[in-house]
Every structure is written in structure tokens, then in C-alpha cells.
Amino acid sequence: MSHQRPDGVTPSQTVGPYFKYGLTPNGEYAWNDAFTNNLVTPDTSGERIRVEGKVYDGDGAVVPDSMLEIWQADAQGRFCDPQDKRALPNSSFKGFGRVGTDAGGGYAFDTIKPGQVADPDGKPQAPHIVLAVFARGMLLHLYTRIYFDDEASNASDPVLALVPADRRATLIARRKADSGNAVYTLDIHLQGDNETVFFDV
Amino acid sequence: MTLQYPLQSLAAHPARLSPAYRSTLKRAPTKPLIPMRHTLSELTGPVYGHETVREHDNDLTIQHKSEPLGERIIVHGHVLDEDGRGVPNVLVELWQANACGRYIHVVDQHPAPLDPNFTGAGRTQSDATGYYKFITIKPGAYPWGNHHNAWRPAHIHFSVFGHSFISRLVTQMYFPGDPLFPFDPIFNSVTDEKARARMISSFDLENTKPEWALCYRFDIVLRGRYATPMETK
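As you go down the protein sequences, you meet chains X and D in turn. One point on numbering: in the working numbering, the residue at position 184 of the first sequence is 189, and numbering is uninterrupted. One point on numbering: in the working numbering, the residue at position 83 of the second sequence is 86, and numbering is uninterrupted.
Same shape as in the complex, but just chain D (with noise of 0.2 Å):
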């Protein structure tokens, strides 16, 4: 069997150009985008072996002298197909804000504390069944210029490789009931609702740690599907 990646999957993702997020404006292509057939050359994709990332590289409290300051996190869930089968041994990255809301990154000049002992940045390899597990501490909303007041919801940056290159994915987990989920034009960028409720982690009380971290879940579906006998030419 071999995957497919039919066009309609891609219905789901924001339109490319978003006013109320107005970078967009002047970074969205204004022609059309050209179609083509898949080749090898889409269908295939990076593939990455156990070298790429190092032992504790999920563990976002234990990469510098002490632990983090914020709210102690466990981060996990599948990567899966369009069917919903685990999609093994890929690449995880993630990077995210400390918890007052603030970036190592040097742009970043929001002025909240820097935390010595956060880098903000993590990845690890999905298992043989899809799974994968970060430990982190709960990001901060922060402020960003947009428009007048405006903040953006608590997240956490995810980049993914899957089965081939045109089901490489970014994207930004949140976090349940964030009370900034109607004002924020990034988040709204997702126009349907069900598409958008796929961007926010569950409270995963079963798998919370007691007396040392919450936990949350967030499966994570990339593009791909197996043919059905009916869909085959």
C-alpha cells in the first residue's frame, strides 16, 4: 500500500493569506499556486535516525545548572496519519517561550525575565508506534504588536517530519480554556472550528504524575492516507 496525499487534506490548514494577522499581507504569494502531480521527489522524505537526537533532549528542565522556574509539564501524545495510524520513528522538534511569556531569542524584547535555566528548545523521535513525550515547563502568554493589546494565547512551537516531505508539518500546540483563544488572529487563522479545536491539548489527568507535573495531550495528524480498494484508479 502507499500513502496519498489528497488535496482536500490541506483545506484544514489557515489561508496563506490572513489580514488579521497582517504579516501576511506583504509574505503570501498573490498568484496562484501551480498544480502538479506528486513525484518521487514530493513523495518521499527525510528520514533520521536515533543520531539525531541525544538522550534528555525531551527533557526541557534538565538542560542547564538547575530546573526551570514555571509550572513543571509533561507533553505528549502520537503522531499519526490521516488514518489514524502511528507514524514511527520521525523527527519531533519544539521550542517555546519560559513561563513569563519570554523567548532566548535575541528579537525578543518583551520585558519579562529570561530564566537562566531555559532554553526553550527540545526534540525527540516518535517510537515505533507514533508516540512521543516531552517534560517542559508551562509556557507564558506574551504581548506582540499586531494590534492594540494583543497577546498571544500560551503555546508551544512544534515542527514535524512524517512519511514524506509534503506531510512535513509546523504548528503551535495550546493549551484548554485559554481565555485569549477568541482575540488571537493567529489562532483564528484556522477558520473551522474542529480544525482548530485539533491545535489544543487535552488535560490528561491519567498520565498527570502525582505530586510533580500536569500533563497534557496532543496528537498531532499529518498528512497521508492509505488507498481504499475504491479510490485506486
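Extracted from the complex, chain X is given alone in its bound form (with noise of 0.2 Å):
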């Protein structure tokens, strides 16, 4: 079937405060979880990993109404699309997560840490994940990206380094030290010193 060349995208709108019950419902309302915020599935491989943190607003307040989104290859830097034109993953891994954060403003993550993946040049990428934030009071979903503090390769990351260094800091995921599993937090800010640094994508 064909149509007429559409003559624009359809305009993005808020998430609103209410999407719970229908995106995110985690056992609280009676509607089931399309998605949710473990991608690990028993036959993945890589390292098993959680990110967690917090979402705070211009004030500094936590945002208890936020819905995060995951994208990520798999430790092979393989993504699980038919469009990554290279050997499919090997497992049921997705690749996709999506979390509500909770009345703390919090969130986390349970996944593996992803492998690399070359950017248009052929150069490759350190680690990293895609994260989009959606919010009451943002009209359009935002992206930025989850870096790891222990990848050596970040230093020469060619994403990372369109970024002034003294933002870095906040697309780099800390790894915690006392932590027998590895615990990575990031924080979001969407304003203030520690703003993060989003991507015009």
C-alpha cells in the first residue's frame, strides 16, 4: 500500500506524568510489562553488570516521573537488528531495557557490558550504551550515552572527544569499589553544573 509523502514527522509530546500503568507497570497496575529494566537473559554472554542512579531536575530535586530506555550491542558489539549487517547474536540477548524511575527519582539497570562497536570510519567506539530520557515537562525525549570509568579505550573514543573535556564526566558511568558485582552509577541531570551532556542525534 502506498501513501502520499507525508510532509513532516510526527510531532514528539510529553510522556506526561501518567505513562506508568501503561509503559512501566511493574506489578502495580493491572497491565503486564512489555519491557523491563534486566536484559540479562540465561544464555548471554559478557560481563554482568547493573547501572544505577538518579535523576534530577533544574533544582536539583529528583525526578520521580522520568522513563529511561536502554540501547546496547551485545558483549560482541553485535546488535540484535536485522540492520547490523554482521553475524547475528548468538543468544536471546535484546539489547533493549526500559525503566519507570521510582519516587526517589532512582533507577537501575541489570545487563551485561556491551562490546565495542566502530563508528562510520571503522574506527571503534568504547563501550558504551544509548540511554533516552522521557519526562513529564520534556516535550521531546532526550539521548545521551553511558561510558565506563575502567575502559582504557574512552581516551580515544571519537564521540567522547567531541565532547569539552570538562563535561566528560558526565557520560562516564563510575564503576563502585566495594561492590563483589560490578555497580556502575551514573547520575542525569537534565540542568545545572552537572548538566548532562546530551547528543543532537
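These are calculated hints, taken from the structure and not from any lab test. All figures in this text were calculated on a predicted structure; none of them were measured in a lab. One or more hints might be untrue.
[Claimed, not checked] Straight-line Cα separation of at most 20 Å, EDC-like style, residue types lysine to aspartate or glutamate; simulated pairs:
1. X:K128 with D:E70
2. D:K197 with X:D12
3. X:K90 with D:E45
4. X:K99 with D:D181
5. D:K34 with X:D107
6. D:K29 with X:D12
7. D:K34 with X:D154
8. X:K99 with D:E74
9. D:K34 with X:D64
10. D:K29 with X:D192
11. X:K181 with X:D12
12. X:K118 with X:D64
13. D:K29 with X:D107
14. X:K118 with D:E45
15. D:K29 with X:D198
16. D:K34 with X:D198
17. D:K29 with X:E200
18. D:K34 with X:D48
19. D:K34 with X:D192
[To be verified] Computed footprint of chain D on chain X, listed as stretches where at least three residues anywhere in the stretch have a Cβ under 8 Å from a Cβ of chain D:
20. 18-26
21. 104-116
Note that the Cβ used here is the ideal one computed from N, Cα and C, for glycine as well.
Fit chain to chain and form the complex, with the hints in mind.
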């Protein structure tokens, strides 16, 4: 079926304050979750990690009504998407997760450390997760990235290199020293001195 | 052919800082976004099979013991790319207030009744041509605290996945002829009239089911278009 060429994309609108029962019910509403914050399947290879943090607004107040979505490669740096023309991932790892922040603005994802993905010139990027932030008061979601502070390849990452040095830390999750499991923390600041770097993609 | 995602397409979206919608003041970034080339991380996106969607998840009127109160409606249309090609097999989620303008969400304290037979959430997958269809009830308008006598026009929230993570869209579908349009800062955060019109469903008499339900058509256009030979490097 062919359609007239549209005169543009459908404009974005905010998720508003009431998305939770539809998008992140998490057992609190009579609706089932299509996605959760746990991306790990039994057959997933790679290092199990948790990424957690809080979301803050311009007053430094926690944001209890935001939704975070992540998209990432598997441990071999391959995406679970037929558009990734390389060998398909060998597990049921899908690479997508979603969570609503809790009353304290907190979020967490259980996943695996992604492998390296090449940039358009074939240059390897440091391991990273793409993060989309949605919230009441956000008319269009924002994209940022999660990097890891224990990756030497951060120093040569072509995307981090675009970010002023004094703002790079807003993209780099820090591994908790005392954790047996690999737990990384990264807070998201929508505004303020530590405003998270968001990308124009 | 590979899809391209020119930044110009983003011009249709609202400015993140839209002061008339007060909540944007503390939640819109104050520093400029950093431009970057799209890598595979941006150009790929989640792909979901039918396992995500159960039979009847697209019918919000049969999720409980009895039918919800309100005006039963059919909402259908196509998920399209910027060239007007159907986007097949993508997840379409929706959520909405009930016929009285009340959400089941615990934070919603609008003194209008909840309907024990209506949750207000649904999902479906577009078919091979990009077509999707929901059966629901028409949501009511409701007040919100943005300014004195602020009322949201009746709307249905949509969440749509496309060919890539950067074609992801969350939007709201409105109903034609709503008298609240001129007064709603969220609707009017889209400053171009033609772009605003793309958020308004059209009444679809042809697909209205006699003796049963009115029908509205809502096509959803996601980022992504194919390069023409002139545009390739």
C-alpha cells in the first residue's frame, strides 16, 4: 500500500505524568510489562553489570516521573537488529531495556557490559550504552550515552572526543569499588552545574 | 538502500524549553546539545516479535469483566517513514484517560470517577504494511495545574518504535475540532500549524462500524527516509 509522501514527521509530545500504568507497570497496575530493566537472558554471554543512579531536575530535585530506555550491543559488539549486517548475536539478548524512575528518582538496569562498536569510519568506539530520557515536562526525549570509567578505550573514543573535557564525566559511569558484582553509578542531571551532555542526533 | 535521519526532520518537534508549559522550565537542558555522526548504535534499534503482544492487547474494551463506560471508538492508521512507506512489525503502545478524563495512575487525583472496567493501556504491532488498529473508548478532557482553568484536550498517548533507536517517538493523538486546542500549551508547543495538524486524527466515516463504533484515523510518521541518488555523497 502506498501513501502520499508525508509533509513531515509526527511531532513529539511529552509522556506526561501518567505513563507508568501503560509503559512501566512493574506489577503495580493491571497491565503487563512489555520490557523491564533486566536485559540479561540465561544464555547471554558477557560480564553481568548493574548501572544505577538518579535523575535530577534544574532545582536539584529528584525526578520521580521519568522513563529511561537503553539500547546497546552485546558483549561482542553486535546489535540484535537485522540492520546490523554482521553475524547475528548468538543469544536471546535483545539489548533493549526500560525503567520508570522510583519515588526517589532512582533507576537501575541489569545488563552486560557491551562490546566495542565501530564508528562510520570503522574506528572502534569505547563500550557504551545509548540512553533515552523521557519525562513529564519533556516535550521531546533526550539522548545521551553511558560509558564506563574502567575502559581505557574512552581516551580514543570519537564521540567522547566531541565533548568538552570538563563535561565528559557526565557520561561516564563509575564502578563502585566495594561491590562484589560490577555496579556502576551514573546520575542524570537535566540542568545545573553537572548538566548531563545530551546529543543532537 | 539505507535509511537516513536528517536533523532537519526534527524541526517539526516542539522546543524543549516551552515556557507556557511550566514543567519544561526545570527539565529542558540549558546547554546546547552536542552534534555527532550517527553510528551503528543510533542507526539500529530494538526489534520485537509477536511474543511482546498478546491477542486482544489492542482492544481496551475487553480487558475486564464488563465493557467500560464511554463512547466506543476504533483508532487505526499506518506507521510510516518520511517517504510514506509503511513501517512493518513495530510495537505501538498507547495509554489514555477514561471517558471521564481520569487516569488509573495513583498520582491522578482529578475528582472524576474511575471505571473498574477500564485500565486504559494497550499495545499492538504494525502489520507488514505498517497498519495498526485499536479499539478503545473516547477519553475525556481533564484539568491540570499548569495555569488557571487549564484543561487538556482529549488525547491518547502513543509510544512507537521505528527502524532505529533515533526514530523512537512518543506523542499524543488528538481529536478533530477540539475547542480546547487554542488554550493548550502542550498542543501549541508545536508551533507550525501543519505540524500540529499531524497530531490530530481524522474522523473516518468509511471505517466507522454501523451500530457499533465511530472510527478515527491516525497515521504516525517516524523519522527516516531513503537517500535519493542526488543526495548520496
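Hints and how they fare:
{"no.": "1", "hint": "X:K128 with D:E70", "result": "violated, 57 Å"}
{"no.": "2", "hint": "D:K197 with X:D12", "result": "holds, 8 Å"}
{"no.": "3", "hint": "X:K90 with D:E45", "result": "holds, 15 Å"}
{"no.": "4", "hint": "X:K99 with D:D181", "result": "violated, 41 Å"}
{"no.": "5", "hint": "D:K34 with X:D107", "result": "violated, 26 Å"}
{"no.": "6", "hint": "D:K29 with X:D12", "result": "violated, 32 Å"}
{"no.": "7", "hint": "D:K34 with X:D154", "result": "violated, 24 Å"}
{"no.": "8", "hint": "X:K99 with D:E74", "result": "violated, 39 Å"}
{"no.": "9", "hint": "D:K34 with X:D64", "result": "holds, 16 Å"}
{"no.": "10", "hint": "D:K29 with X:D192", "result": "holds, 16 Å"}
{"no.": "11", "hint": "X:K181 with X:D12", "result": "violated, 49 Å"}
{"no.": "12", "hint": "X:K118 with X:D64", "result": "violated, 32 Å"}
{"no.": "13", "hint": "D:K29 with X:D107", "result": "holds, 19 Å"}
{"no.": "14", "hint": "X:K118 with D:E45", "result": "holds, 18 Å"}
{"no.": "15", "hint": "D:K29 with X:D198", "result": "holds, 13 Å"}
{"no.": "16", "hint": "D:K34 with X:D198", "result": "holds, 10 Å"}
{"no.": "17", "hint": "D:K29 with X:E200", "result": "holds, 12 Å"}
{"no.": "18", "hint": "D:K34 with X:D48", "result": "violated, 41 Å"}
{"no.": "19", "hint": "D:K34 with X:D192", "result": "holds, 17 Å"}
{"no.": "20", "hint": "18-26", "result": "holds (count 9)"}
{"no.": "21", "hint": "104-116", "result": "violated (count 0)"}
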